[in-house]
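Peer 1: Could you slot chains B and C onto chain A? The hints should help.
As a plain string of letters, each chain reads:
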Amino acid sequence: MNHVRIGLVVPSSNVTVETEMPAILSRHPQASFSFHASRMRMAKVSPEQLAAMNAQRERCILELGDASPDVILYACLVALMAAGPGEHQRVEGLVAEQLATGGAEARVRSSAGALVEGLQALSARRIALITPYMRPLAEKVVAYLEAEGFEVADWRALEVEDNREVGCIPGDRVMEAARSLDLTDVDALVISACVQMPSLSLVEAAEQELGLPVLSAATAGAYSILRAADLPVDIPGAGSLLRADSLQPAT
Amino acid sequence: MSSLSDQHLVRGVDHAAFPTFDPSGTVRFYRDTLGFPVVHSICAAGWGPDDHPDFIHFFFDIGNDDRVAFFYYFGLPAPEVSKGDVYAQFGDETPEWFVRSRHLAIHVDSEDHLLEYRRRLDASQWPVEMQIQHETIESIYTHDPNGYMVEITRALRPVTPQEDLDANLTIDALVDIVQRPGAGMDDLLVRKAELIVERAEAWQEGQVGR
Amino acid sequence: MTHRLFMLDVPENTSIAAVAEEVPGVEVDRIGPYFVIASEEPVVIDRRATGARHAVWYSCIGGLDGCRIVQWDKDALRLERR
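Protein chains in written order, with our numbering: chain A, 833 to 1083; chain B, 134 to 343; chain C, 134 to 215.
These aren't lab readings, by the way, just hints derived from the structure by calculation. We treat Cβ as the ideally placed atom computed from N, Cα and C, and that holds for glycine. Some clues are possibly wrong.
[Said to hold, decoys possible] Just some of the chain B residues that point at chain C, by a computed CB distance under 10 Å:
no., residue
1, ARG252
2, HIS267
3, GLU268
4, THR269
5, LEU298
6, THR303
7, ALA306
8, MET318
9, VAL323
10, LYS325
11, LEU328
12, VAL330
13, ALA333
14, TRP336
[To be verified] Here are the computed lysine to any residue pairs in the SDA-like style, where the Cα-Cα straight-line distance is at most 20 Å:
no., chain 1, residue 1, chain 2, residue 2
15, C, LYS207, B, GLU268
16, C, LYS207, B, ARG287
17, C, LYS207, B, LEU237
Okay, chain A solo, but in the shape it has when bound (with noise of 0.2 Å):
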């Protein structure tokens, strides 16, 4: 059996990508994964902070580099769409020179990359979005998903600040989010535009309510890291996306 080895640079206030990212792993029928975080300081999903944070990314690299992982998560979407279109591209490209000057194999990955990668596998061009952040942050993922070519039809900002919280958000109020949007024509529905916001739990089951792909910056992120692996995406119960490979009909 495979083993990959998986580096997550996550914020530190985050807990649920080293909860979600093992189980959906964990159900892969070829593969086992273990997983190592480095933390950036962060608590307060704010412009200030998040600049702060990314400041502190070259140290985690530097870390997660010594345990010779396979592949190397980034963790936070909005740090990287906060700052502007392409910036996930120029960000991985900068921890690739980083770990490639230093020998290093890894592939590098971040979710803000991962979920315009699963988009795009999904062939979605009409999207929808529910997100955790402050309005103002929020409008930034949506023009950065804009500018990756997407259309959002309709998008929620739950408005939580303290990322703490973020982690604490009742699947029930994402939902609730959810049901509220307008979802004609919509061609995929991301649930979760945040690693932190715990929602593996509900994509099947609202892929199922809402009659449509439903995808999550988890389950996105752990697409990507099955495609930087070359290994099948074929996990159940976690939506459509991570059954691309499946060889079993969707139900």
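Peer 2: Leaving out everything else, chains B and C in the frame of chain A:
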């Protein structure tokens, strides 16, 4: 054949990299004295198979989006240098002209600009060691804190088309004769005369239509 | 002519060609962008008369046909039959 196969596609020096054991002197020389901005840096460790210290890779802008870069390795002892630089050391028997043959030359557009860099260097602890007019260029030289020879140079006039022809004839002649045992300048000049007789007239005619 | 020296026609070299032309028995002709300095007899060109800087002087020769360099220093360039 792709449409790129016969094109000269490269665009100058992305970066040329050197080790340093004196990063603060290197920053004072390139950034503070010459005024080359720091444009990039990488903090990395040796993650490959080799035993390798943590290091910083940092870059100075040398114009034209080109860069000169350095590696600083934490804890790596500096070599003793009596002749040469921190990358390459030579014994006393090695002649100075050979040691100086490997150097970095940075282009400026005018005499004013050359003299401005001369002024900056002369006011620093790395004053200009030589200012020389070559055939068609003028250059100043100094050594950076690592012992690397740095040249700043300007063209006295544009290169003419016949100089490109001449360079090609020289190099073709060199390649033709260099494998002969004991080949010297005389062999080159005799071979080059043959190439001039073969090609120079036709080249000149080819220029007329231009 | 048994001696031929080829010298690229660039501004730095024109004074050298001019001095050569004054030497008795020397003819200066052209082939493409090169001066051809031709003679039946050994040729001596005085560096000071040309006014050429060292870097120019020591890079002026493009090719030799029928002759060899027997002196090329700060004083003169001397060519003799090969």
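Peer 1: Hint check: is the beta carbon of VAL323 of chain B less than 10 Å from a beta carbon of chain C?
Peer 2: Holds - the Cβ of VAL323 of chain B comes within 10 Å of chain C, reaching about 5 Å at its closest.
Peer 1: Given THR269 of chain B was flagged as interface, is its beta-carbon under 10 Å from a beta-carbon of chain C?
Peer 2: 7 Å, holds
Peer 1: Holds or violated: are the alpha carbons of LYS207 of chain C and ARG287 of chain B at most 20 Å from each other?
Peer 2: 26 Å, violated
Peer 1: Hint validation: HIS267 of chain B versus chain C, beta carbon distance must be below 10 Å. Holds or violated?
Peer 2: Because about 4 Å separates HIS267 of chain B from the closest Cβ in chain C, which is inside the 10 Å limit, the hint holds.
Peer 1: Between LYS207 of chain C and LEU237 of chain B, does the CA-CA distance stay at or below 20 Å?
Peer 2: Since the Cα atoms of LYS207 of chain C and LEU237 of chain B sit roughly 29 Å apart, the hinted pair is violated (cutoff 20 Å).
Peer 1: Under 10 Å is the threshold here; is the Cβ of MET318 of chain B close enough to any Cβ of chain C for the hint to stand?
Peer 2: 8 Å, holds
Peer 1: For the hint on ALA333 of chain B, does the least C-beta distance to chain C fall short of 10 Å?
Peer 2: With a minimum Cβ separation of about 3 Å from chain C (threshold 10 Å), the hint on ALA333 of chain B holds.
Peer 1: Does GLU268 of chain B sit within 20 Å of LYS207 of chain C, going by the straight-line distance between their CA atoms?
Peer 2: The hint holds at about 15 Å.
Peer 1: Does ARG252 of chain B pass the interface hint, meaning its C-beta sits closer than 10 Å to a C-beta of chain C?
Peer 2: Not OK, violated: ARG252 of chain B not within 10 Å of chain C, min 24 Å.
Peer 1: Report holds or violated for the interface hint on LEU298 of chain B, using the least CB-CB distance to chain C and a cut-off of 10 Å.
Peer 2: 7 Å, holds
Peer 1: Closer than 10 Å between Cβ atoms is the bar; does TRP336 of chain B clear it against chain C? Give me holds or violated.
Peer 2: Since the shortest Cβ distance to chain C is 5 Å, the answer is holds.
Peer 1: Close enough to count: is the Cβ of LEU328 of chain B nearer than 10 Å to one in chain C?
Peer 2: Hint on LEU328 of chain B: holds, closest Cβ of chain C at ~7 Å, below 10 Å.
When the structure is compared with the earlier hints, violations turn up for hints 1, 16 and 17 and for no others.
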